[in-house]
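Starting from the known structure of chain V, arrange chain E on it as the hints suggest.
Chains V and E supply the protein sequences, listed in that same order.
Position one of the first sequence corresponds to residue 1 (our numbering), numbered consecutively onward.
Position one of the second sequence corresponds to residue 1 (our numbering), numbered consecutively onward.
Hints should not be assumed to be uniformly reliable.
With a straight-line Cα cutoff of 27 angstroms, these simulated DSS-like cross-link-like pairs (lysine-lysine) come out [claimed, not checked]:
hint, chain 1, residue 1, chain 2, residue 2
1, E, K685, E, K647
2, E, K334, V, K634
3, E, K391, V, K174
4, E, K316, V, K441
5, V, K316, E, K593
6, V, K534, E, K647
7, E, K441, V, K242
8, E, K316, V, K634
9, E, K334, E, K391
10, V, K391, E, K174
11, V, K647, E, K634
12, E, K242, V, K316
Simulated from the structure, these hints should not be mistaken for laboratory data.
In this text the structure is predicted, and so the values were computed from the model without any measurement.
Now for the letters of each chain:
Number of protein chains: 2
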Amino acid sequence: MRKIFYPQSVAVIGVSSNPRNLGRNIVLNLIDFGFDGIVYAVGPNGGMFATRRIYSSVLDIPDHVDLAVILVPARFVPDILEECGQKGVQRAVIETAGFSEYSEEGRALEEKMVAIAQKYGIRFTGPNSIGAINMENGFCVPFARLEPQSNAGGVSMISQSGGVGMSIMNHMTKEGIGLNKFISIGNALDTSAEDLLEYLIEDEGTQIIFMYLEGINDGRRLMKLAKRSPKPVLVFKSNVGKLGHNIAASHTGALSSDDQVVEAAFHQCGITRVHDVTTLSNYMKTLRLPPLTGNRLAIISRSGGHAIIAADACEKTGFTLSEFPQEFIQEIEKHFRASVIKLTNPLDLGDILDLDVYRRIVSETLVRENVDGVVFLHTSVDKTERNNNAKLIGSLARLCQEQNKPIAIYLSAGEDEVDSLMEQFDFPIFTRIVETFQALKLSHDHSQIIAGTSRKDEPKVFSVNHKRVDELLGLGLSDNRNLLLDEAMEVLGQYGVPTVTSAVAISGIEAQKVAENIGYPVAMKLISEDVLHKSDVGGVELNLTSGTAVEQAYDKMMVRIHASYPKAKLDGVMIQSMVAGGRELIVGGRQDKQFGPVVLVGMGGVFVEIFEEATIRVAPISEREARAMVDELKGAQILQGARGQEKFDIDALVEVILRISQLLVEFPQISELDINPLRIKPENKGCIALDARIILN
Amino acid sequence: MRKIFYPQSVAVIGVSSNPRNLGRNIVLNLIDFGFDGIVYAVGPNGGMFATRRIYSSVLDIPDHVDLAVILVPARFVPDILEECGQKGVQRAVIETAGFSEYSEEGRALEEKMVAIAQKYGIRFTGPNSIGAINMENGFCVPFARLEPQSNAGGVSMISQSGGVGMSIMNHMTKEGIGLNKFISIGNALDTSAEDLLEYLIEDEGTQIIFMYLEGINDGRRLMKLAKRSPKPVLVFKSNVGKLGHNIAASHTGALSSDDQVVEAAFHQCGITRVHDVTTLSNYMKTLRLPPLTGNRLAIISRSGGHAIIAADACEKTGFTLSEFPQEFIQEIEKHFRASVIKLTNPLDLGDILDLDVYRRIVSETLVRENVDGVVFLHTSVDKTERNNNAKLIGSLARLCQEQNKPIAIYLSAGEDEVDSLMEQFDFPIFTRIVETFQALKLSHDHSQIIAGTSRKDEPKVFSVNHKRVDELLGLGLSDNRNLLLDEAMEVLGQYGVPTVTSAVAISGIEAQKVAENIGYPVAMKLISEDVLHKSDVGGVELNLTSGTAVEQAYDKMMVRIHASYPKAKLDGVMIQSMVAGGRELIVGGRQDKQFGPVVLVGMGGVFVEIFEEATIRVAPISEREARAMVDELKGAQILQGARGQEKFDIDALVEVILRISQLLVEFPQISELDINPLRIKPENKGCIALDARIILN
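So that you can see chain V by itself, here it is in the shape it has in the complex:
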């Protein structure tokens, strides 16, 4: 991948002498951004542009070419690629659009391109991309004419959309956030977002990685890479709702994904997800500060009003304010009393002109053991202070590095001044108070996540009779049907999930006999591959207390189901003992297109109906993660014994989740699994599956 960003010679293919030709922009961008290699222009009609010759073919270039930037009509791209191969060009950035995202002919062209690239060992990005930028060597090949910016820095960006990538670069410039590398992946035919992520994790100049994605290609690989990245990985994943799917398909061909799974997967592998550009730029800013490792802040403000807003925001984002002990107050008082309005935290400094006093107070505060970070709110409405403001920010930036603790500077001043200070310092300046605290929250969470994902935390593996499970699934697969209730319960049993005592019966009399053995009261549930939601159609009877009741229930159920589903094959009923007490949960999972097996848990009954609540993780999961899933449930307090009430057996629940996680990983032929309900009993009494559904691929 490195060769894509650090070529020594570049051929821009698709340049003409027409003033509206876009290839010319690429050449001009390379010149303006000071590319430190050689640029050749190529176009079928030859001619000249920008004091250089336009070669009619890449084959005519007298020297070696490392990389070709291709922007010619789609139908010519395969031939151009062929010529590149003959020339020995190893890398290409293909910007042309109009391929698989546009038409079937385009898809055929893509297939040709892949074949040619494979033949010559060419790696390429795109097509349907806006190109790439490397601020380190001035490699800048977007086909839009760009303003050379001085904002080189440590943030690198992988964007599925060229337009969105450009917009975000505009925001970064505006907020003084320095770019390192940018690449637009477009249709990602050869080089994927994951390939580029892998490279940027190693890339020396990159400190923070940002990705804009409309679809997820290889979710498991993405997770694996992010998990081992020592650099923060921020992702803006769009194409979340229903309204955007169509347009995404025609834009970069991105497929939709289950957003709850994406959310869970990102969380598991330490990716920070953003949903808007405001948040993104605050995150990029805060990640350039030393990490905030604790939650004790000090607020130092020049304006009382700002201090109040800051204190509110501090509380709302879950931080606390460090207490200042008496001797510290006295120390401050001795030196600065005249200047300070209120000696508390927040510290209200009042409106003095000697900005050096501010620096010294911030310094005294930052070194304190019980202060993890400082928020310094600087308001400067007076235009005579400009020079002093710059000095102050410079010295606070140094202080921050020396102490390796963050100082978040909020600045309220005239527009020009704020802009020029942002440009002047490679140090974040925030302009909105609430967002300053939200950004610090991220810094704090990020150091926690890094600590969490790096922890040795392997999923437990339970021993299981795989052979029997294989047989059961095989039965279903060979008959091209899903598992029957009794089979599903047996699979659970094989995986060590406690299931209710039950037996199959295929006549009323047999049902009665089976029920005698199990002991009354019993439940009766229909077994039929043709009736999926059995409780909705009268396929479940509960609390049958006598043999007569069981027999009658059997007959009535068969008549009832037959009336509704005359063609359904009825395989009898399952008789189960009634389980009293406890609470109902749902545990299950499914195969996700992008992320593979996922496992989920939710509260049953009124909770799941009203709050539609379930927590989800990509399997396999560790015990710690399973426990976190339970903790995140809205009703978790009930399980934990809210209000001095009975506690439930969370340990047993966690074990069921882990066993289901293992089952879904080991048998990917299960496309969906539900235990509904799983009855959880009081502490140390376990939990038990009362009903289950297993859907096969």
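Quick look at chain E alone, frame taken from chain V:
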């Protein structure tokens, strides 16, 4: 109030020849902002400044003075005010700090000032304020040196904090939002935020009113004013959490308020609350557009990626995308086919250079009957397009006015270009997609709120035996105690709230007799003014089924309570019939310091414990509002019969809420009231209060 903003002659008192004197800034600001009246400088040492004489007293000024701006040390302010009075000055802006917010001496000075002002009929703003601005006549008297801005417009601001006000003005300038008037109220000793609000509602130049408040002065008046305001009222209310209270007290002396009540009150009177500056500036922008009266949008985008993000945001904020019928698509196709990538909504326009095509497509879309508003996403990375961009925005702005429907323009372009376009057009330009939709959501909600608050919606008045309630409350007040359980239940009864059948007993034998009359099973509840949370200390026994059980329970309860509270006066027990079935709720209310009586309702049991959920309103409320309170409850679906289950008697619940609302309004001596639980029965079966607490002032 008008005289504060439109003086013809101004005396700035506190000007000296010292270059660091702040009074000089005031004079210079008036000059720079082009004040259209006469400015006099006043300072005890005389001299001259800015080519004008400094008078040593306001009394020396040869002409009439309409308004004095006072910035002298606090101890001199009363004398200066006295001189102003003698001179016949009718209005003053007092900027000096160091009064009640600072010390007791300061408070005494304030009292003097009030007396002098009353003697001469002077109305003043401040003290402890940064002054005022009126962009219409160049009246600009903050003591900080300001950059004259060209951003005159329709937004007026009342700010409790000068610093925060200045910061927000910076943001407004940056976002191209025009200011009309600004006033910093500081300690609001004479002129309150409500006084100024009342004026700005009438003020011709003001179209949108924004207030930054750290405390609420007269909540009821604020509500009344906002309710009748045809202009949008936006409020940023800080000082919400615990951490900010101290600093607020020393800043402007603002007292804290119950934030849930503030939230409810604002909602009831149509105030739009903001919690950060980003949201605020988006709201200010969107309110300058024609109102969005429906929720059907069209998204037109130049970039596919932006269209996807927009579609996500559209869905998330609750809007829908209008369907484009076949003939419309054909029409567009006929004229613009070559330029449009995807003929759906969102409409992906692709990257063409002819911006006039965009204008025509937006126009065709906006006039459609099923389109309530258009979001136009314009991305322009190419610096050659600048002129065309300006033309396009200008024509879209006109289109918007012609059709009286909003076009929200999102623009992604270079920083300079965005800034200059924002300055050039008195038309909002958004720079973040997600926030664009959030802003449109506000516009939509705002038109709904305006429709809602203007509706004729009077609270019902129930007829009540006030005399008996007065007697019962009088008993408590004269004994300096709260109401006993039986008294509280009687008050509810008088107000028509159904209460459980019950009777008092003061011995085990009497309890038994009473229980026989009521019928078993019964509940027994302690009556004692000294034991407030009786269920926590064994003062409640439920489900007593026989006379013996009642008698024993009585004796044991007395022994138990006596052991825990040896000094408590025990007034016997209340025997109540046990009420089976239904669900538990809490209905109650209290007197709020700023807003007076408030009424609340919450789900009981596990819901209130886990979600701490209650909805609240400032009383009195209408039936519609009471119904909304119930609908807003997280558990409302349960009452409405979620999942095909039983419905509960919401009509009866609404009536109880209305009766309690009336009780709290008519008897302000009740400082707190709880019905806990109120048992709600199935539809048409009513609800019934099982226990109640009434706390008196």
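For this session: Could you check the structure against the hints above and give me the numbers of any it violates, in ascending order?
Result: Hint 2 contradicted; others consistent.
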